[in-house]
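Undergrad: Sequence:
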Amino acid sequence: MKELLEDLFKIIKLDEETENYLKERINDEKKKIVKNGVDYFYDLICPFSDKKLKKNVIAEIYKKHVNDITNVTNENKNDNTNEKLTKSLNLKEYWEKNDAIGYYDPFLGIQEKQINYNTSIPISESIKINKEKQKQKEKQLSLFKEWVKNKIKIPSPVRVHNLLHCSDSSKGKMKIEKMNDIRIENFNLSIGQRNLLNDTTLKINVMNKYGLIGKNGIGKSTLLARLARHEIENIKEDISIACIEQDLFLEDVTVLECVLMVDKIRHNLLKELEELELAKKQNDTKSDNLKDNTDEKIINIYEKLNSINYLEAEKEASKILCGLGFDSNLQKKKVNSLSGGMRMRLCLSRILFSNNDIILLDEPTNHLDIYTIQFLIDYIQKLNKTCIIVSHDRNFLNEVCTDIIHFHQKQLTYYSGNYDQFEKTRVEHLLQQQREHDSIELKKKHVQKFIDRFRYNSKRATLVQSRIKLLNKLPVVNLEKDETPFKFSFLEPFYVSSVLIRLRDVSFKNEMFKNLQIKKNVNIIIADDFEDSNAKPTELENAEETKKDTLTNNISGDYQFKHEFLFKNANFEVDMDSRIAICGVNGSGKTTLIKIILNLIDVYEGELYVSNKANIGYYSQYHVDSLNPVFNSIQQLQYNYSHKNIKEDEAIKYFNKFNIPTNILYEPIYVLSGGQKSKLALAILAYKNPNVLILDEPSNHLDIESVQALIVALSLYKGGIVLISHDTYLIKHVADEIYHINNITKEVVKIDYEFEKYTKLLLENKI
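Our numbering applies: residue -11 is where the sequence shown begins, and numbers increase by one.
It is worth saying that the hints were derived from the structure and are not from the lab. From the three backbone atoms N, C-alpha and C, an ideal C-beta is built for every residue, glycine too. Just to be clear, a hint being listed does not mean it is correct.
To be verified - Within a straight-line C-alpha distance of at most 20 Å, the following computed EDC-like cross-link-like pairs (lysine to aspartate or glutamate) qualify: (1) Lys1 <-> Glu12; (2) Lys412 <-> Glu429; (3) Lys141 <-> Glu126; (4) Lys40 <-> Glu725.
Claimed, not checked - Computed spacing ranges between beta-carbons, pair by pair: (5) Thr189 <-> Asn753: 44 to 50 Å; (6) Asn193 <-> Asn466: 24 to 30 Å; (7) Ser178 <-> Glu742: 34 to 40 Å; (8) Arg492 <-> Val241: 41 to 47 Å; (9) Asp426 <-> Glu221: 38 to 44 Å.
Go ahead and model the full structure; you've got the sequences and the hints to work with.
TA: Here it is, written out as structure tokens:
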């Protein structure tokens, strides 16, 4: 053993304390080392080295000294026999170790429960319990499938042409009909037995850009879905409304074709034209009358196509796609090759191309980088259409909104101006309301005091009666009660003064994507590891393909290999005081860099050191996919930390600390909104009490108040933070170090100036 350690410490330089610790680990685990071989020994040694160790070197040391380890193990077997015979027996330790159920002895007072060890559970009873569990699982899955079947579907957008918007078929003419303002009094909205809006006013004015804000789960997306499906009475059928789709099923078409298919008139006319031209070729030998008839139809179709500027449609669609990050090569790719994030961009492209009267955008900035967000801002500002936008990005709302609709306490309240103006106006409104309430309450108090004083005085009876009438006439000012805000906090982790993560010239070449295998790291909480046992093999394969696509961020094949590196020369350290943001355009390799740090990708150049004291919590931007939709929140927490045997009441108490209501905890996850799922994932992550947080787009799906709560929690957090986000407000308030992946040189560089200047230079393509 001594010789093995000497050889080992020749290649690994450690301080005295760590060296002693490693000696103890090897000594304690010598049986496992002998049993599991060189792979186990290599995995045991690697975390202690600052440099990446070569496996063949460790294998040589292992083979040289394996007999010594075996001999020591055999000697210890003989020694242990005498040791066990002479060692005193501690009953408390014995029962705690050997009795999982619990044992109670009234004399020793060791445990609380008492069981009869002579009682046996019949096999039939055990089978019955297992059948009940299986039955419950099947019931949950059945309810989920039923919910998916009955879920409100968002209709696909259909492009509207102003000339064909409202046609009078009887006269064969085409006309333009102007959309009027919409105003519906006593408007109600419900889903199932739950009332979302009660006796409120729905008001949509032409050309206004509305920001629809409210807490997660309050019903914003349901309102948009009902509008898109024309399920609200008193909204005319000829008012065209389009909403971002939830799914795309057009698999075997290109990205550009997918957008152009929104123009159904153009698509159908071109299809008819193709059929007629094919028929014309086949009928060359037939009568002249038949040819003339076909030619007449073709001319008629061309006239219709010209009336809708069909040649300009492809240019317009391509321009929108380009603005949202689809270069010319990516526009030729099939839709089924895109990841979830890029599909969402494609859905956004389709709705912008649709030219509807009212455009509904639900979290449009998710999965967009700073360039594409700026394109979307410019596009919406110039768009002569009515928009209703749900977004957590206050900067985006400030740039595009002319009005704010506040969805609050089952009412819709309207404010002129952008989000900042709304906040200011609302604060003033609440203060004024409080002043009015206090003034009236003070007046009531004085009047009531007079009434009480002279109630039984006959001389003042007339005055008392007049005061009673006055008291009854005083208005009642009901103060708005704010719903319980989302609260978020991390426990204080054990402090480690040393560096936890260090990168030295870490680079990733684009050719490394070939045959890349994504690993799993059991030492981190990662929101990307749930597999549905009931899923079909093809579904699981598609899920894995999607995960692999997200690593490349769907850079087109041609684009990937224009550059040798995806990124290069990443140099930074993470300790428990770090507040680092990694920035760059989509496809620059931010998520790939994170996965290298997490040891999910082990193919790279340079040196990476992750301390064995690092307890990493990773929040993936695709965290929603990691939640089992059939579970409720309590079951999900118990599943993620199955080794901790978390009891139901303990889980409820834990979630209540985040002001997540108990009734929500029993709801299956599939009925929760995107924001509620995000809060659940963050709460589950916090349970681990990590000392380093790696957060990939954590603000996606959260409402504005929850983003603010997250900022406060991260500011108070005592561990290290590595953040990927395109939310400028979040970055400005959390990060104090910014690393940018240069889109031209591919260098990972530290930004030494203010974040506002960084964003300005980025948009001007100067960095």
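Undergrad: Hints first: check each against the structure and report whether it holds.
TA: Quick rundown of the hints versus the structure:
no.	hint	verdict
1	Lys1 <-> Glu12	17 Å, holds
2	Lys412 <-> Glu429	26 Å, violated
3	Lys141 <-> Glu126	25 Å, violated
4	Lys40 <-> Glu725	27 Å, violated
5	Thr189 <-> Asn753: 44 to 50 Å	46 Å, holds
6	Asn193 <-> Asn466: 24 to 30 Å	28 Å, holds
7	Ser178 <-> Glu742: 34 to 40 Å	48 Å, violated
8	Arg492 <-> Val241: 41 to 47 Å	46 Å, holds
9	Asp426 <-> Glu221: 38 to 44 Å	41 Å, holds
Violated hints, listed in ascending order, are 2, 3, 4 and 7; each of the other numbered hints is respected by the structure.
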